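Chains as they are written, first to last, in the working numbering: chain A, 134 to 210; chain B, 134 to 210; chain C, 53 to 199; chain D, 53 to 199.
No wet-lab data here; the hints were simulated from the structure.
Bear in mind that the values here come from a model prediction, so they are computed numbers and not experimental data.
Among the hints, a few may not be true.
Said to hold, decoys possible - One-sided excerpt, in silico: chain D residues whose CB lies under 7 Å from chain A:
1. G65
2. M116
3. L134
4. I187
5. K196
C-beta: ideal position from N, C-alpha, C; glycine also.
Spelled out, the chains give:
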Amino acid sequence: MEITIKYFGQLVETTNTTEELITIEKGQISSLLNLLLNKHKGLKQKDFQIAQNQEIVSVDTELSGAEIALLPPFSGG
Amino acid sequence: MEITIKYFGQLVETTNTTEELITIEKGQISSLLNLLLNKHKGLKQKDFQIAQNQEIVSVDTELSGAEIALLPPFSGG
Amino acid sequence: MKDKKPKNVFREGAISHEFIGNSIYKHQSKTSIGAHNIFLGQVRADDVDGKTVSAIEYTAYEDMANQKFHDIREATFEKFDLTCMHIYHSLGTVKAGEICLFVFVSAPHRKVVFEALEYVVEEIKANVPVFGKEIFEDESHQWKVNN
Amino acid sequence: MKDKKPKNVFREGAISHEFIGNSIYKHQSKTSIGAHNIFLGQVRADDVDGKTVSAIEYTAYEDMANQKFHDIREATFEKFDLTCMHIYHSLGTVKAGEICLFVFVSAPHRKVVFEALEYVVEEIKANVPVFGKEIFEDESHQWKVNN
Chain A
134 MEITIKYFGQ LVETTNTTEE LITIEKGQIS SLLNLLLNKH KGLKQKDFQI AQNQEIVSVD
194 TELSGAEIAL LPPFSGG
Chain B
134 MEITIKYFGQ LVETTNTTEE LITIEKGQIS SLLNLLLNKH KGLKQKDFQI AQNQEIVSVD
194 TELSGAEIAL LPPFSGG
Chain C
53 MKDKKPKNVF REGAISHEFI GNSIYKHQSK TSIGAHNIFL GQVRADDVDG KTVSAIEYTA
113 YEDMANQKFH DIREATFEKF DLTCMHIYHS LGTVKAGEIC LFVFVSAPHR KVVFEALEYV
173 VEEIKANVPV FGKEIFEDES HQWKVNN
Chain D
53 MKDKKPKNVF REGAISHEFI GNSIYKHQSK TSIGAHNIFL GQVRADDVDG KTVSAIEYTA
113 YEDMANQKFH DIREATFEKF DLTCMHIYHS LGTVKAGEIC LFVFVSAPHR KVVFEALEYV
173 VEEIKANVPV FGKEIFEDES HQWKVNN
């Protein structure tokens, strides 16, 4: 399936992109994560959470096809 | 000695005055209080604290000659 | 600090939103501040036995009250690491819906402003000789008591 | 309540003191309110290794952030007996000394506004995907992290 990946904050600098389309087999978040870490080596040094369909998820969550976002530590306010 | 007595809030209504001069012998706050309760019968039904020289005092405090205030419950803010 | 003359905390009538806005604006030059916390007391149009409060008329034992405000201020700076603190209280008539108390604390970080603001407001309610007379629409009145 | 579309909490640039003053003014018609509590986040001119922060540039995962603000709002009304509540957060550049977060809670009595305001601010800091880039005077930058 095709999944939109969004990057925020300092991860935009790490990946040099705010958004990309990734094609991947069905599976868990972890398989997508491996793919992204391979594509963007800089991500390995970064602290981030993953949101699927705007909800924070763990790596063993099934990919639903909904939008994925990589979110560095929050610093609002 | 001569002592200035100040009344505040609803006690102004009770005593019909904001301030009066009282002449009294040396002694404790309690003797002044008795004199005032006699003079203004309505005070007996009222809840108040007594300040001498702007500090809340108990009835066994000695009269210093400084200003006395009768303060009903506070309701600032 | 007792010998330092207390400032006058009282303002005649309601505290306007422009005054509050300006007070906030004045803090923009204090760039070590990261968090402000503001308490505003507003006069409620309470219903009492079918009558509605239309205003509160505030009086105070002004000298003692200003000294108490000053003492609260000193104690608060002792207890909490604040950058600044301001207190204003109305005297005279404040209509329902208008502001009668404005407490403003500021610090580099947020945790301390929450604790400090609540402390200041509770101290004011408990220890400052201010008296509110609730005026009803028919011009009768009752004396307010803090809880 | 999840199906109700979240409001947009974000404002472009700093939140002005006039905006805050007007927001206070609008509550004068709500005469059941007795206590307001306001939190303001202000950008600090922090020193980092001899360089001074001159501004923070805020970005956000806006859709998720607005949904989170909405969820925090719903949860706060569940937990606390508030009359009303408003949240505004800046996006884009906010200079040192300017306001980037404005949280405003109101209730008939004071106790609940203290608890509610702190709850809301902590929830925002922990759960809303907003990202602050601290810009130094020499135009270098670092990414802010909440503590």
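Q | Unmet hints by their number, sorted upward, for this structure | A | Violated hints: 1, 3 and 4; rest satisfied.
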